[in-house]
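Put together the whole structure using the sequences plus the hints.
Protein chains: 2
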Amino acid sequence: MQRTLISKTLNKVGQEVVIEGWVNTRRDHGKIIFIDLRDRTGLLQVVFLSLEEAKNLRSEWVVEITGLVKERPEKLVNPKIATGKIEIEAKSLKILAKAEELPFDTGVENLNVSLPVLLDFRSLSLRHPKNRAVFKVQETVISSFREILTKLGFTEIQVPTIVPNITEGGSQVFKIKYFENEAFLGQSPQLYKQIMVGVFERVFTLAHAYRAEPSVTTRHMTEYLGLDAEMGFIRDFDEIMETVEILLRGIFKAMAEECSEELEMFSAVLPSLSDKIPRLKMREAQQVIFERTGRDNRNEPDLEPEDEREICRYVLEKFKSELVFITHYPTEKRPFYTYPDPKDPDYTCSFDLLGRGLEWITGGQRINDYQTLVDNVRKWGNKPEDFAIYLQAFKYGMPPEGGFCLGAERITMQILGLENIRQASLFPRDMERIDIRLSRPEK
Amino acid sequence: MQRTLISKTLNKVGQEVVIEGWVNTRRDHGKIIFIDLRDRTGLLQVVFLSLEEAKNLRSEWVVEITGLVKERPEKLVNPKIATGKIEIEAKSLKILAKAEELPFDTGVENLNVSLPVLLDFRSLSLRHPKNRAVFKVQETVISSFREILTKLGFTEIQVPTIVPNITEGGSQVFKIKYFENEAFLGQSPQLYKQIMVGVFERVFTLAHAYRAEPSVTTRHMTEYLGLDAEMGFIRDFDEIMETVEILLRGIFKAMAEECSEELEMFSAVLPSLSDKIPRLKMREAQQVIFERTGRDNRNEPDLEPEDEREICRYVLEKFKSELVFITHYPTEKRPFYTYPDPKDPDYTCSFDLLGRGLEWITGGQRINDYQTLVDNVRKWGNKPEDFAIYLQAFKYGMPPEGGFCLGAERITMQILGLENIRQASLFPRDMERIDIRLSRPEK
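Line by line, the protein sequences give chains A and B.
If you read the first sequence in my numbering, its first letter stands for residue 1, the second for the next number, and so on.
If you read the second sequence in my numbering, its first letter stands for residue 1001, the second for the next number, and so on.
Hints listed in this document are in silico derivations from the structure and should not be mistaken for laboratory results.
Far from chain A, by Cβ distances over 10 Å, these chain B residues were calculated:
hint	residue
1	I1032
2	K1070
3	E1284
Each computed EDC-like pair below joins lysine to aspartate or glutamate, with the alpha-carbon atoms no more than 16 Å apart:
hint	chain 1	residue 1	chain 2	residue 2
4	B	K1175	A	E182
5	B	K1177	A	E213
6	B	K1175	B	E1213
7	A	K175	B	E1180
8	B	K1177	A	E432
9	A	K177	B	E1182
10	B	K1175	A	E180
11	B	K1151	A	E139
12	A	K175	B	E1182
Glycine included, each C-beta is placed from N, C-alpha and C at the ideal position.
Written out as structure tokens, the structure is:
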């Protein structure tokens, strides 16, 4: 007999079915054994009235059970699980794999362990419904990102991660021994997605990005997944932000439709948006902050974390929006390819989208003039020959263009209100951990 | 006025439109200038009867043109391009970006340059329609892979590429300086996708994989994109091959529907399939080869490239199939996690799918018993503690499972009949090139 998925058992009352999965929890009532069986579609209660083999069953054992689907009496209905109106009366049991004793109780609504323990036992802790829910949400972000941009005429591209040069920062880069040479792990797919505007006009890519940040924070990992997009023939800088807005509204819509259960598990509410996401220049934001708090950062080249939180509070009060574009960061603080505002070239056509006090998305228009880029590469202290393939794309004609990037883990964390970005990565890496905790080598 | 994409101009005869793109080619007839303009949707002829600014136009200049859509006289219809029945009579021209003189003629049906030159000028050569077509085909392979597996209940996962240990080979791995430690670039997402069977039962992932092969061949790169899938609760080894078959038929169907134009550009024909892809044990294949050619490799532990070609010829003749599963490779030649055939434990429940003389897909059933895996890690010369997170997944209960992997570039190359796998990678990496040719450092 073919396996029935747990989610498909509800309308099989009175029928015999074969179900497979993991023992999620076990409860004994005298000689009767109850288990909640878990498969990829949900939980289901199984009753063993007399099967001798069931006596040994423990959490996480993998089993195949043949049994009869029965309706539960009204007062025994379990409203907490989707199959709560039924149960299976087991006729036979086959053990597919045993499990050793668990290091902590997994049959609870919230795992009661510290983050290091959660990560030390990642292969086990990921099985917990609340952890699986995090990655359902992440998959929905990713698949809706793809779907929305594809509809807008973007082409998905695959770009490399081994790179010949350091593009955006000095020390925070991982070096690779590459045969007789040295190479690096890419800090972003930026240069490649720009090149590909010359080929497909509108492109997006899901790219692993690497940052050798020698610090441990709740918001950074050494490897993360960037959702990157770039578009040519833009009318102006605004068009990029308009595209971000279309994208975000689409992602939130997909989230509301496909992840309501998961959002509820985290008591998470999707950000409220005004008709149009408000836009403030960085200098305007600093002025607002000064007027509201007396804190005078009006000459600072960037917003401090406390500034970002304050401006989000202001925008929520004034515009009823939990998201805000901060634009026109100073030219000197942005990468060499950032497009200066023609009317005020000390500031750039760049933006950060802030949400709930943190940066969600960063983007902007890029310089598309070859000679200006060559000059800027030098001005930023690099050699044009190290950027040969990139500069080539502009040497042979590139339209006005720009783009943006969001971190898959960052946005998952922000939507669900997770405390630590590591919770939004299946196997998070930081300076102290690659799956297992790293020991410091003896000097 | 809003931009009209070239593919949308056909039904606008008599109307004024704005089009944008690159000058693909230019032809002068006396004072009249003709250009073929290229955008992401195709080519379109533009006629400049008198615009002075058009005199300077050269290949790859980026322009915006306002003009009138006109039907061409019957005898001037160009059947080679989709818009061949019409042309634009230019009223005004705006130059968005200039291009320097090209290193080779790009306005031809086939670029007449060597592979090294093609790669030295990658940002330019990728714009050629035939190169773009390669990546349209690749995107279709990838998107149909995702779509078909999602329909079969698979969940997409994101796995890391920085790994703490060497899983499948000794020397062919890239080392990273990871703060005070050493880490590696993953040779495949194998261990992570297996772990995730314990979470989602059926998973797939698109993962960059890295091989430090110190050789230059037409079939290998140092970084490639693996399309990996893994499934739990399998009935038996056959179920994995059945899934591969469903997947391949689906990919070919998508290819036929969405890429007929691209296939035609390469005179490529999709592989013919019999009702069921034939399956041969490796030893049987060697016997067939012996009988057909007299070449006696019946005691060899693997098929040689010439064997693979011969067995493909045999299968095509006998079963009218261009694809064949070769199964039951020797236990000693496969990774430590490969499931031995219970009836003949010197051979494994593993397969290679060969197509047109080359390996397309590799896969098999995995050992899901914890203690056997621990023993095998040791037997294969590794330390269980280096595989702690992986082994943990089995320690806490894992169903019978297996999976498979195909290389995105490899399958693109094979479908289109490309000579070199580098043609199927946007920015191929090998020991001699990372975008630009690597110089050998002086010793």
